[in-house]
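Student: This is what each chain is made of:
There are 2 protein chains.
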Amino acid sequence: MRDNYVRIFDTTLRDGEQSPGATMTSAEKLEVARALARLGVDIIEAGFPAASPDDLEAVRRIAVEVGNPDDGTRPPVICGLARANRNDIDKAWAAVQHAARPRIHTFLATSEIHMQHKLKMTRLQVVERVREMVAHARSLCADVEFSPEDAGRSDPEFLYEVLGVAIQAGATTLNIPDTVGYTLPDEFGTLIAGILQNTPGIEACIISVHCHDDLGLATANALAGIRAGARQAEVTINGIGERAGNTALEEVVMSLATRPNQFELTTGIDTTQISRVSKLVSNYTGIVVQPNKAVVGANAFAHEAGIHQDGMLKHNQTYEIMRPETVGVSVSKLVLGKHSGRHALKARLVSMGYFLEEAETDKLFERFKALADKKKTITDADLEALISDELYQPREMFALEGLQVACGTMGMPTASVRLRDPWGKQHVQASIGTGPVDATYKAIDAIVQVPNVLQEFVVHAVTEGIDALGEVTVRIQAEQPSLVLDAQSEVDQPRTFGGYGADTDIVVASAKAYLSAVNKMLVAMGQYGPVEIAATETVGRVSLPGRSSGHG
Amino acid sequence: MRDNYVRIFDTTLRDGEQSPGATMTSAEKLEVARALARLGVDIIEAGFPAASPDDLEAVRRIAVEVGNPDDGTRPPVICGLARANRNDIDKAWAAVQHAARPRIHTFLATSEIHMQHKLKMTRLQVVERVREMVAHARSLCADVEFSPEDAGRSDPEFLYEVLGVAIQAGATTLNIPDTVGYTLPDEFGTLIAGILQNTPGIEACIISVHCHDDLGLATANALAGIRAGARQAEVTINGIGERAGNTALEEVVMSLATRPNQFELTTGIDTTQISRVSKLVSNYTGIVVQPNKAVVGANAFAHEAGIHQDGMLKHNQTYEIMRPETVGVSVSKLVLGKHSGRHALKARLVSMGYFLEEAETDKLFERFKALADKKKTITDADLEALISDELYQPREMFALEGLQVACGTMGMPTASVRLRDPWGKQHVQASIGTGPVDATYKAIDAIVQVPNVLQEFVVHAVTEGIDALGEVTVRIQAEQPSLVLDAQSEVDQPRTFGGYGADTDIVVASAKAYLSAVNKMLVAMGQYGPVEIAATETVGRVSLPGRSSGHG
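Protein chains in written order, with this note's numbering: chain A, 2 to 553; chain B, 2 to 553.
Since the hints were derived computationally from the structure, they do not count as laboratory data. The structure displayed is predicted, hence computed values, not measured ones. Incorrect hints may appear among the rest.
Since the list gives no way to pick out one identical chain from another, each pair is judged satisfied if it fits inside one copy or across any two copies.
As the list claims (entries may be wrong) - Each computed SDA-like pair below joins lysine to any residue, with the alpha-carbon atoms no more than 20 Å apart: (1) 375 - 415; (2) 377 - 480; (3) 119 - 321; (4) 375 - 410; (5) 370 - 411; (6) 370 - 412; (7) 364 - 338; (8) 375 - 411; (9) 121 - 159.
Build out the structure end to end from the sequences listed, making use of the hints.
Tutor: Dropping the structure here:
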């Protein structure tokens, strides 16, 4: 029954979003889901609807808008995660049922250590719960996936039993997670082969692999499982996820594509979209990709980018096993300049795969002209940064109207900030800080007045040359954090918020990124900050360092 | 004859340094070599001495200073790379012979594609060259390693023949490289097993594995080779290297350590040093480690770092297969404050593994007090950033004496810079740029007058809170780049220079990082810039954007 098609199940929006700080807004999640659909993934795990009403709504929107394409193409399956209880399963169904092809994914741990310390359940209780909950899910939805959590450390004989019960109860896909990234490729392949051989009823189901990278073996383990007969791989873009992350979509897909004779397996992925989706997810989550990351790192195809590239290689394949074009890395870098018109911009965007509304194109063209005044050549990377900065920002609560900064080795870095609040009022504040960014953030805090802790701050130049756009990603957490339920540890975890900004001035980009994170935090907290902000206009109060600040 | 000890051959300073921009100064290389010796690596591949006189000298210094410890401990083997020709081998020997335990590592490609397109040699010619050059190396040095380049794509039968000849000629270690990261774990394990079975004389030699991560499989391939009988692994810290990089030391070592029953193999690595060496290499090379990197990523042990950590896990091992302490991640974060004295600082440094000279401790204490005035608590990460910024800087050509910057949304970001040149003269310049960093760099350029292209620019906060130190790493390349010979492609490649700076003001840190890269470039170019710099003092000329600048 094993066909030669490997289904790509992307869990960037669920397991990937569980990485510290990877929290995305509903709008960002929707955009990522659209990109995943264009990429050709078979199943999108859109979230964990029971975590919070916001999470449910985000999954529902994706089910409605990405799970029902109006262009006649076959939509991806939209999947929601649920622990093995009625409430979770009902909420998952409430969210995904709007998709043309919905799936409920439920799980229960089967390793001794998890059953004993986390679940406090006996083997018998686990078997009964699985039977009951998979049956309940199946009563709602024809497509049900079941995962025995921590399968990598479970007793194989017990696994066969639990999986057999899940199949009897109606599961159609059985996912085998190496939850803690503990197994070695041979072990994991043997586990999958054993399951295929010993589980009653397995021939009618799809086996799936779900690996973690704690020992750097996630891709090898997933491939070993696929070789042993698994036909679904659970992956994330850039391999993001808790701890060392999940199997990277791009590594599994490109391994299968680069070694066709070894695998004789195909996927539905349009590999030329890989580079763009990687960048999108990195921007939205604020999780950087290291230069030496396989397939999507900045140096992965370094031989191509070098100034002395011609003549450097006597034959392409001497040191290259994939062509950069295959994964959508644009080889020609210079695209547009100061004199390029709106039409040229639009044509370039379309060829890059962006289909924008007229109003969006107008906005972007304005930014493009401003940038072209400062910078001789505008590259695809510049355009992507502008798109992220301009179009995919959260609903604006506070808007940056002006910023003025003085800093240097003489001390007393000072920032003056003017913001417009949600009611249209202007606020001005000045502050001193330990540096220009600290001063700016303290001035913003003095207006917004919702204390938070800055957890991460990264700036990088988009292209070569320091006159390039600087991209800033930040991650903050409220001092009184809103909590979100973690599906696996079953504990409420503090929510963190990422923000993104791009500008040729990195202090301005830092202000934008921070404000975008703060705005997300305010939306999530369901408040616009203390009411008095709207009532009074505060101008000119100087905030001194040493005051009780949310930072640090 | 196979023992159960896996030799760790670290090539961070050779293959790792070939990553774009990873160029280190001799002082930095020496510091990394010292750290590798403390880490317990068995062999340090210190460089490619034939690349340039500077490279030879750097390897020689490491051979002298790290290859001959004065404390009675067994020193690591110091190894130099050489192509299979007399000149390279003689230069490698000239550099490594000063070590107590020297090694020459020579290589020649054996795959059809390399022999045909790169070497333009027949199989017979390759065999004869190997015989001759390995014998020559062995006439100089008792410890000779030979690598058949691109072994992963070579005809196994031909490999057995070439390796047999190398053994006859005196090779003691045979390294099997998957040069282009093409093989799958099963394939690579089979290749190693085949070599062990079919190569005449192999039982007296050590087999080594050298894998690349183009498909994300470097660690799995190395482990498959080790399982098949290899007893040396060639690795780099953080997995840096050309394209997607090499096998990561930390992943191989921690896989062996975490799954002892699967491997029954040991290494000589003190795993508690891993985190510190990872940070050192990241700082010196400017190559960031992504948060979801196995073992050394910021999130690898995220469960530990969370604010709500207590109660989050019902049992440590539920979601954790390694303890963070095992790899030297400090669990207690707060260490020192404003009132800590010199003694407390010194004690903390010693416990972190730093043994500084008195004068260095004095310098560091000064910086520590200045930082403690701005920031409530000083963490280990802060101290490491200060050490990198203060102690391991290149020989100073131009020194930053003052910087003043104004920027914001109003436009015309302006920087005034005061530098002291190598002859002690002060120079002042002001410049306008597209942002504060661009303006600063243009002002520095106006003084130094050696045009260059900024290739990479990254800032990140050292610890939580934006009042934290900001670390900046940059990478530049001269417009007229000095070239360095690449051992494998045999082509001169442009040299790039990394710089590092840390300050609470990211614009100041950016200036320091840029100046440190510029100083490295000047040293490498063997010049201090145009002579007239020394003769005249230029003050106050405003440099306008749009002038012919080296940037972008």
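Student: Now tell me, hint by hint, if it's right for this structure.
Tutor: Results for each hint:
When the C-alpha separation of residue 375 and residue 415 is checked against a cutoff of 20 Å, the pair qualifies only between copies, where the shortest distance is 14 Å, while the shortest distance within a copy is 25 Å. In this assembly of identical chains, residue 377 and residue 480 lie within 20 Å of each other by CA distance solely across copies; the values are 17 Å between and 43 Å within a copy. For the homomeric pair residue 119 and residue 321, the shortest alpha-carbon distance between copies (13 Å) is at most 20 Å, but the shortest distance inside one copy (47 Å) is not. Proximity of residue 375 and residue 410 under a CA criterion of 20 Å is satisfied inter-copy only: 14 Å between copies versus 27 Å inside one chain copy.
Taking identical chains as interchangeable, the C-alpha atoms of residue 370 and residue 411 lie at most 20 Å apart only when they sit on different chains, with a minimum of 17 Å there against 36 Å within one chain. In this assembly of identical chains, the alpha carbons of residue 370 and residue 412 lie at most 20 Å apart only when taken from different copies (15 Å versus 36 Å within one copy). For the identical chains of this complex, residue 364 and residue 338 are intra-copy neighbours only, at 17 Å inside a copy versus 48 Å across copies, given an alpha-carbon limit of 20 Å. In this assembly of identical chains, residue 375 and residue 411 lie within 20 Å of each other by CA distance solely across copies; the values are 14 Å between and 28 Å within a copy.
Within a single copy, residue 121 and residue 159 get their C-alpha atoms as close as 17 Å, which meets the 20 Å cut-off; across copies the closest is 59 Å, which misses it.
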